[in-house]
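Protein chains in written order, with the numbering used here: chain X, 61 to 173; chain C, 22 to 139.
None of these hints come from the bench; they were simulated from the model. Heads up, the beta-carbon is just placed ideally off N, CA and C, and yes, glycines get one too. Check before you lean on any hint, since a few could be wrong.
What the hints assert, rightly or not - To spell it out: a stretch of chain C is covered by chain X in this simulated footprint if at least three of its residues, at any positions, have a beta carbon under 8 Å from a beta carbon of chain X; those stretches are:
hint, segment
1, 59 to 65
2, 131 to 139
Said to hold, decoys possible - Only some residues are given here: those of chain X computed to face chain C with a beta carbon under 7 Å:
hint, residue
3, Leu-104
4, Phe-123
5, Leu-161
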Amino acid sequence: AQSVAQPEDQVNVAEGNPLTVKCTYSVSGNPYLFWYVQYPNRGLQFLLKYITGDNLVKGSYGFEAEFNKSQTSFHLKKPSALVSDSALYFCAVRDQAGTALIFGKGTTLSVSS
Amino acid sequence: GAVVSQHPSWVICKSGTSVKIECRSLDFQATTMFWYRQFPKQSLMLMATSNEGSKATYEQGVEKDKFLINHASLTLSTLTVTSAHPEDSSFYICSASGTGEGTYNEQFFGPGTRLTVL
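For reference, chain C alone in the conformation it holds in the complex (with noise of 0.2 Å):
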């Protein structure tokens, strides 16, 4: 099946620094992929759309400039999180769909990273 991975799984940042987390589909192009955000116990809330050589689309509420996303090849998407706070610590997951069969249809996650802002 189609696989997505994330890197880092796990980090702790001082308050003001900017993280970048990756994701990757490993076996199939993917030509969106997608960043959610999730509180402990809560449900993944969309943050943002992106598509392949294109820019992101962000969803009402998400500021674009604090959580820079580039989806710069068919196999890699990032996202960054400019001068993090406390209040941004959460589970980043992000997803990717491909155009193939098996890819189209279906929505891919990664395991998800756990950030930590001191």
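Isolated chain X, as found in the complex (with noise of 0.2 Å):
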């Protein structure tokens, strides 16, 4: 079965400094891997997918991921927090395409000014 951890319920950072939101997975095969964020009262926003190719991808609003597979983890990376990077990130798993994606627990990043 496929399963997705977010570790942490809240992430605090003040603003201009890195941020890192984890995740890791757990899937029987070759990992689909998204990061998405969703504001207040409103649908999810696609940021970035992994599903194959380079380790590391760069997705919108200046954020990354990186895929290690050793790890099974695809955590969240941004150089530089912004005070509207504040939201709830979730991380989601597929183990094919067409399937639907199972979602981590999300996490709350706080970027405080």
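Please dock the two separately framed chains into a single complex, following the hints provided.
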């Protein structure tokens, strides 16, 4: 069975500092990995995905994530956080195209000015 | 990019009534649509997967007679919450995948529907 773990309920970062939101996964086959962001009372916004290829994936709004197969991780990173990055972040996985995404519990990112 | 819409975005209804939520893919053919439910400050829980022209596959614990899903065309899926009760109040989000290039490896999410049952 597929699963995603986001070990941190909340991450607090000062504006301008680098941020990391952690995600580990478990799938039976090759993973398809995604990061989404959600603002209050809004739907999900796609940030980035890893399907195959380079382990370092660059996405929207300056975010990037690194796929680490040996550690089964796909941590989300940004070199310099903005207050506007404050939101709820979800990591998601599936093991083949066309199937439903399984989501982690979400991590609230709070960036202080 | 591929766009998915939901209607209504917000609905309030009385207990015992039924509510229909529409999910539309606006610029691609959605062979598969997914319905999720999200409680406040919690994750998205998959309710069901529907393929166009077929019966939906429901996740364990989801009542198929309460949450009726219809995927009659390649651009429209509907979720009907029958005899709604206050505990059905939630944020319902749909997503869609296609078969064409650019839509097969991703799910495109609708903006969500906030259901409040009084």
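Worksheet item: Would the stated hint for Phe-123/X survive a check requiring a Cβ distance to chain C of less than 7 Å?
Response: Interface hint status for Phe-123/X: violated (16 Å vs cutoff 7 Å).
Discussion item. Taking 8 Å as the Cβ threshold, is the statement that the segment 59 to 65 of chain C is covered by chain X upheld or broken by the three-residue rule?
Written reply: It holds, with 4 qualifying residues against the three required.
Worksheet entry | Given coverage of the segment 131 to 139 of chain C by chain X, checked by CB-CB distance under 8 Å (3 or more) | As far as the segment 131 to 139 of chain C goes, the hint holds, because 4 residues have Cβ atoms under 8 Å from chain X.
Item to complete: Let me know if the C-beta of Leu-161/X comes in closer than 7 Å to any C-beta of chain C, holds or violated.
Response: Since the shortest Cβ distance to chain C is 6 Å, the answer is holds.
Discussion item. Quick check on the hint: Leu-104/X CB to chain C CB, less than 7 Å?
Written reply: holds, 4 Å
Hint 4 from the list above is the single one not met by this structure.
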